[in-house]
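Novice: Residue numbers (our numbering), protein chains in the order written: chain A, 1 to 431; chain B, 432 to 981.
FYI, nobody ran anything at the bench for these hints, they're computed from the structure.
Treat the hints loosely; a few may be bogus.
Claimed, not checked - Think about it this way: if two alpha-carbon atoms lie no more than 25 Å apart in a straight line, the pair counts; the simulated PhoX-like pairs of lysine-lysine are:
#, chain 1, residue 1, chain 2, residue 2
1, B, 960, B, 975
2, A, 169, A, 181
3, B, 904, B, 755
4, B, 960, B, 693
5, A, 169, B, 693
6, B, 693, B, 681
7, A, 181, B, 775
8, B, 681, B, 775
9, A, 169, B, 904
Said to hold, decoys possible - The following label-pair restraints were derived from C-beta to C-beta distances:
#, chain 1, residue 1, chain 2, residue 2, range
10, A, 158, B, 860, 24 to 32 Å
11, A, 188, B, 447, 25 to 33 Å
12, B, 935, A, 205, 31 to 39 Å
13, B, 836, A, 193, 16 to 24 Å
14, B, 569, A, 345, 35 to 43 Å
What the hints assert, rightly or not - Not everything, but these chain A residues come out facing chain B in the computed CB check (under 10 Å):
#, residue
15, 172
16, 193
17, 194
18, 203
19, 335
20, 339
Please read all numbers here as calculations on a predicted model, not as lab measurements.
Think of the CB as a built atom: it goes at the ideal place given N, C-alpha and C, for glycine as much as any other residue.
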Amino acid sequence: MVYHTLTWLLWLCAAAYLALVNGQPLQTLLLVLATGTVFTLASRRQHAGQSAGAESRSVEGWSTFLRFGLWVWVVATLFNLLFAHAGNIVLFVLPRNWPLVGGPITLEGLLYGLAHGASLFAVLLVFATFNLALDANRVLRWLPAGLFQAGLVVSIALSFVPQMMASLKDVREAQLVRGHKFRGLRDLPPLFVPLITTALERSLTLAESLEARGFGGVSPWVGQGKTMPPSGRGIDGMMDTHQAGEQHPSASADAGTLSSPTGGRRYPPGRGHAASTAATLLSLIGLLVGLIWRATDVQPPWLGGVALALSAVLLLVAVYLQGRGFRRTHYRVEVWQPRDTWVALACAVSMAIVAYTQARNSLALFYYPYPPFSPWPTFTLSVGVATLLIAAPGLLWPAQAARHMPEKESMADSQDDPRSIPQDEREKDNL
Amino acid sequence: MTRVAQIQLQNVSFSYPNTDHPVLRDVCLEIHSGEFILVVGPSGSGKSTLLRTLNGLVPHFSGGRIAGQVLVDGQNPVIEGPHCMSTIVGLVQQDPEAQFVVDTVEDELAFGMENQAVAPALMRKRIEEVLDQLSIAHLRQRRISSLSAGEKQRVAIGSVLTLQPRILVLDEPTSQLDPQAAEEVLTTLRQLNADLGLTIILSEHRLERVVQYADRMVYLPGLGENLVVGKPEEVLLQVPFAPPLVQLAKALGWRPVPLTVKEARPFAAQMDLRQAEPGAPQQAEGKTVESPAHTTGPAHIDVQEIWYSYNGTDALRGVSLQAKGGELIALMGRNGSGKTTLLKHMVGLLHPKRGHVVAHGQDTRDAPVEALIQQVGYVPQDPNSLLFADTVRQEMEFTRRAHALPPANTDEWLATLGLTGLGERYPRDLSVGERQRAALAAILVAEPMTLLLDEPTRGLDPLEKESLARFLKAQAAQGRAVIMATHDVELAAACAQRVVILSEGQVVVDGPAREVMSQSLTFASQVNKLFGDPRLLTVQDVLKACAHEN
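The following block holds chain B by itself, in its conformation from the complex:
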C-alpha cells in the first residue's frame, strides 16, 4: 500500500505525571483509513493511553510527558488538542453511565454539534442520519437513564458520530455490558466500518466476539515492551491472549487459525473424538461425583419459594435453590432477570415478601446481618463500593476487626489471590482485575463458608479471568459454597459445576453445567458450539479427550 496512513505514530513514548516509567515506549504504528483495528493487552498495559493519544486527551487532559510524533489525518493532536481533534476522532468510553451530559437521547446527540455551532438545519439532518445509522430512531425521545446498557452505549457512539469524525476510537465499550448488549454494540461497529468506511479502533477483552471482524490486531504487552501488530491470525499465535478456538488451534496445530466456529468446523470434523467414547463415561462419572446430587451435608444456603418485588414489579417469583458446601454454582440469565436480587437475599440485604431464605441454619428474616455475614461473604458488582482504605492490607484488617475476629495472616491471603507485593498499594490505583481481587480478599479474609459474587469478571482481561476461575475452584474444593452471578459463558464453562438460569424472576433451568450448557443456544461455550458434545465444554476437555484417544 503506497497511500499515506491516516494515523501515524512514530516512536511515541509517554509517561504520566509524577511517574518515571513510561506507559508507552517507542510505539510505532500506522493505521490506514477504513481499517478495523483491535487493540488488546493485559489491564494496565497502556491501551487506554494509546487510544487517548489519538485525539489529544493524552497529554492535554492527563498531563505527563510525551515524545515522538503523532499524526492523525494530517493533524498533530499534541499541538491541536482534543477540542480541535473532536471533529476527526470520536471517543467512546467504558462506562456507559458516566459519559452523558444531558438527559435525553436527541439532546445528547446534538450536544457536540451545539458546541461546534453547527447550523440548526444541518444539526437536524445529521441527527436523523445518525439515528438511522445506529437504528436508535425509536429511542429519540427517551431519557437516557431509562435506556438499557447496550442502548446507552449506542447513543454514546451516536453522540460522537454527529460530529462526523473519520475515526472512531472505543475504549473497552462492552466491558460493562451483558453479552446481548455487547453484541448489539459490536454489530453496530461492524456496520459503521463496512458501510461508511469509518476507521475503527477498538480495545476489547472479549476476543471471541470481535476477533473475526478485525482487519489487524495490536497487542500491547505492557511494561514498555514492543507492540505486536499484524493480522489477527498471526498475532493471536504469538500472544498469551486467545479465544478458546485459537487455543485449540495452537494446541492441535490447526492452520490457518480459525477465528469463528464456522471456520473451525472442518478441523473439528477431522478429529474423531468418537473413539474416546469408551473412556468418556469414566470422565463424565468423575465429574458427576462433584455434582449436586452427590454432594453431602446440609445445604449452606436454602432458598425456599421466595417472592420479591421492587416498586410493584416482580423481581423474583417463587425461586427455590439449594447450595451445599463444595458446590460452585453459576447463576446466569439476562439483565434484570433477578440474579443480583437473589444474591442479596442470600446475605440478608433483602428479605423475601413470601418464602424463606435459610443461610447456615438461620432464617435471614430473623437473624441479624452481623450473624449472617459470619458465614456468608458477598462481593458486590462494583469493587469500588467496597474499597476505601489506604492499602490493600488495611482493607483486610478492617474486615477482620469488623467481624470481631483476631488479626489474621494477611500475607497468606494476598498470596492465594495473587496479590503478593500489592499489600501496601492504594487499592484504587490497581488494575481492574487486581481491584476485583482486592475486594475478594477484603471479603474472604473473614473466612465465610459461602461466597457470593456478583459479576466478578467485569473488565477482567482473559488471564485474570483464568486465574479467578482457578481460585474459585480451589475455594469450592475447600468446602465453601460459591455462587456467582455471571454473564460470562466461558468462565462458567471453565469452573462451574452447576448452572442455574433465571428468567423474569423464575428458575428456568437448574442442572449440572455440562448438561445445561450443551443444551442451550445462548449459554453454550465456544468449544461446545464447535463440537456439539456435552462432554466438551472447554479447551481442556478437548485436549484431555485427545490425550485419551492417543
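Looking at chain A on its own, in the form it has when it is part of the complex:
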C-alpha cells in the first residue's frame, strides 16, 4: 500500500474523468503512457512481495485483461475502418458489390477507429491500474456501514475477474488438447461451462467460509448493553453474556425444513430496520418519478430535479439507518503521508484543468475527424499538463517499494504500524 486509499480514489476520479471526457487521440495516447507508468510500478510492487517462481495470478490476470483491451482497440479500429465509409481522404476503394465493407475506405475512418479504440483502452487501463494498486477491501472501509455488505460483494466479484481469466487459460488448454476447436458460437459451451461452474463452486466455498466466520450479521452482544468482553479469553466472557441473555430450548428442531438461512437473530429487529426499509423504498420511488419526469418533459421541469435531489437525500438517510445496526471494527488504520498530499493535489489540479477546459474550450477534448471538422488531431497544452499529472503517483513512488526486496518493503510497511497504535486505542475508548 503505497498511497492512502483516499489518494487512490482521488486518482481514480481524475484519471477516469480524463479518460471518459477526452476524445483527442494524442491526449489519449499520453494518458495511456501516464497510466501505464503507474500500472507498471504497481505490478512491480506486486512481484516484489513474492518468492521467485510463485505465480502472480493477480498481475497475470490484469495483464490478460489489458491484452484483451488491446484486442478491443484493434477490433474497434478495423470495424470503423471497414464499415464507416464517410470522409474525404480516400485511402482505397473496395469493390462496391462487397456487402457492408464495399466502398471507399477513408483515412478519417481509420483515425476515428484508432481514437475511439484508444479511449476504450485508456478506460480499461485506468480501471486495471486502480485495481492492481489498491486492494478493494481498503476502499470498503470508507463505505458507510450500511453499504459494507454490498461493497464486499462487489469487491469479491471484481477479484473474480483475474481468477476467471487465469482459469479460462486452464480451461482453454484442457479443451485444446482434447481436440476442441473454436469455430463459432456452437463451440462456446466447452469453454464457458467449466469456467462458470468452477467460478460458481468457488463462490459457494467462499460464501461458506464467510458464513462460518460470522459475516453477514450483527455481533451477538448487540442488544446486550454493548459490553465488550475483557481482554484475554474474550469469547468466554461473550458466551456468558450470551447464554445469560437468551436460553434456547435445546429441543431438537425435528425435521424442520430450512431451505433458506433463517437463523434466529441475524438482522437487527425493531424500528431502525423498518424505518430504513421504508426510506429506501420511498427514495427509490422518488428517483424513478424524478427520472420519468425529466425524460418526459412534463412541466415544470425543475420539479423533476427536486424529486431527484430529495430522493437522493432520503437514500443517504436510509443507508445511514441501515448502517446503525451494523457493528464492525477496523484492524488497520491508514496514515496520511506527505506524498499523499502531493498526489492528491496533482489529481485535484488535473481535474480542475479538465473541468475548466470542458466548460470553456470543449473542442480541446472533442474529436470528430469527419467533415466539417479537420481529420487531424490537436493537442492542447493545458490538457497535456492535466494528463501528465495523472502520472504523479509514479513520480513520488517510494524507492524501496519499487525495489525487488521483500524485506525492505515489509520494513517500510511495518513502520506504519507503531504509529497506528495510538489511534487504535482512541477507537477503543470510543467504544
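Fit chain B to the supplied structure of chain A, relying on the hints for placement.
Specialist: Frame of chain A; chain B shown alone:
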C-alpha cells in the same frame, strides 16, 4: 469419563434438498473437549456434511431436512446458525484458494474479528498470538496470492483461530497440498491440539500421515450405514481403508496394530525375509524385464535437452527424457520443480525455448496440436476444467467427434474405468474420484498411445487410488506409455516402473522405481522405510516375499 461431552450428536439424520435418501442416518457421536478426531470414509459418504452440522452450515447454508439433536458446547447449531457458532467452531476447507476474502495475511486474520466488532486493541493482541502459534509471523505483510499452498492453509487456520473457537473443524485440508505442505499443516494441528487443548476434528485421506496423532477415529461408510467409532488401531482393523503398515499388520497378524514405522520395527525385525534372498533375484529379474532398458521399440516421447522459462524464471533447464510404449513413469519432485511444465511440453501446449520434443515422430514445434493429440492424451490437474457436458457419455462422444473419430462403444470404456451406470450422470455431481475418472474417460476415448496425467490422485480416497493404480498398470500393459506427475509416493510405489525426480527444472534422478525409491528419504514408501530393502516397496511385495519364504 463422566464429564459431559463437548459435542453430542443424537440420532442425527440429514438429507439434502430434493433428494430422498439421507446422507446421514441416525448418527450418534460424542466428542470430548481436547480430543483429536480423525474422520475417514469413501468420497461422497457424508464426511463434509457431518463436519458442517457442527457449526450450523448444515442445514442453514445447505438447506435440506435435519432430524435429531446436535449440541456443540451447550449450543444447538441448528437453532443458533453458523453466525453464532463462528466463535465456538472454526471451519477450514479443502481448497486453500477459495476461502479468502481479502488479500493480505494480516487483514485476512482480522476479517472474522472485524465482523464480530472486536475492539481494535484486542484484535491486535489476538493476531500477534495467532501469528506466533502458527509460526506465520514472517508472512504477516504478504499477499495471500504469493503464498505457497501450505502457507495458505495455515493462514486459513489462523483466520478462524482469531475468533478463539474451542473446536477446529477441518474438511480435508491437505487434499490439495503436496506432501511437504501437508506435513506443515498437520504439524500445526498437532501443536494446536497438544498446546492449547483445542478440539480438532479432521477429515483426511492420507491416513499414513495422521493416524498416529488421532485419539479416536470415525469411519463413515456412506449409504446411511452406521458409523464405526473407536481408537484408530481398532477402527482400522474393521474398515477397508488402511495405511500400508496397517494392511501388513492385518495380513500378518501384528498386534497391537502399529501406526508408525517406529512401532512396526519390532515386528519387521522378527520377520526374517533374508531367507527369501535366493528367490528374490528371480523376482527382481522378473521386474526388470519391464524396466526401461528392456522395453523395445522407438520412444513415444523423446524430450531432448529442453529449456523453458516463465517471465524470466527458468522452469526447465536442460531436461531430457525418453518414454517408450509400455512404460509407466512417475514424475516426482517439489511444487514448482517443473513437472507440469514438462508434461505440457509433451503435448505441445508449450514449446521449448531450446531443445526439441519429439512425440510419436513429430517435433512438437512443427506439428499442429491437432496432430499431436491423436497420439498423446493429457489429463489436466483439475478435471473440472475438462468437464462441461450434461452426461459422462456426452463428454466421451464430444472427444470422439473433436478427434474426427467414428463413434465408439462408450460402455466398454465406462466399464474399464469403473464408471458403469454413471454414463448418464451429470459429471459435476460425481464424487472427486469419479470425476477424475470421467475426465480420464473423456481423454482415453480418443485412444491415445501416450497418456499424460497431472496429479491424478488429488482428493481421491484410498480405494479410488488403488483402482486408479490398477487401471494405469493395465494401460501400460497394453503398450501405452503412461507418464504421471505425482506427489503420491504410495501410488508411485504401487504402479510405476520408473521414477524421474525433478528439482529446479532439472532431472535429478531417473531410474527404476525400486532403485530410486529405496535410496531416497522423501520418496520412499512406508513399507520401504520399514524394511529398508529395495525389493520391498509395497504391501504386496512383502506378502509375496513371505509366501515365498513359506
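Novice: Okay, residue 158 of chain A versus residue 860 of chain B on CB: inside 24 to 32 Å?
Specialist: With a Cβ separation near 30 Å, residue 158 of chain A and residue 860 of chain B satisfy 24 to 32 Å, so the hint holds.
Novice: Go through the hint on residue 203 of chain A and say holds or violated, using the shortest Cβ distance to chain B against 10 Å.
Specialist: Check passed: Cβ of residue 203 of chain A comes within 8 Å of chain B, closer than 10 Å.
Novice: Going straight from one Cα to the other, do residue 181 of chain A and residue 775 of chain B come out at no more than 25 Å?
Specialist: 18 Å, holds
Novice: Does residue 681 of chain B sit within 25 Å of residue 693 of chain B, going by the straight-line distance between their CA atoms?
Specialist: With Cα atoms ~17 Å apart, residue 693 of chain B and residue 681 of chain B stay inside 25 Å; holds.
Novice: Hey, residue 904 of chain B versus residue 755 of chain B, does the alpha-carbon distance stay inside 25 Å?
Specialist: Given that 25 Å is the threshold and the Cα spacing comes to 14 Å, the pair holds.
Novice: Taking the closest Cβ pair, is residue 339 of chain A under 10 Å from chain B?
Specialist: 19 Å, violated
Novice: Going straight from one Cα to the other, do residue 169 of chain A and residue 904 of chain B come out at no more than 25 Å?
Specialist: 31 Å, violated
Novice: Between the beta carbons of residue 188 of chain A and residue 447 of chain B, is the distance compatible with 25 to 33 Å?
Specialist: 31 Å, holds
Novice: Assess, step by step, whether the Cα of residue 169 of chain A is no farther than 25 Å from the Cα of residue 693 of chain B, and give holds or violated.
Specialist: Roughly 46 Å between the alpha carbons, so the hint for residue 169 of chain A and residue 693 of chain B is violated.
Novice: Min Cβ distance, residue 194 of chain A to chain B: is it shorter than 10 Å?
Specialist: 5 Å, holds
Novice: Hint says 31 to 39 Å; check whether the CB-CB distance for residue 935 of chain B and residue 205 of chain A agrees.
Specialist: Once the Cβ atoms are compared, 33 Å apart, the range 31 to 39 Å for residue 205 of chain A and residue 935 of chain B holds.
Novice: Is it true that residue 836 of chain B and residue 193 of chain A lie within 16 to 24 Å of each other by Cβ?
Specialist: 22 Å, holds
In terms of the numbered hints stated before, the structure departs from hints 5, 8, 9, 19 and 20, listed from lowest to highest.
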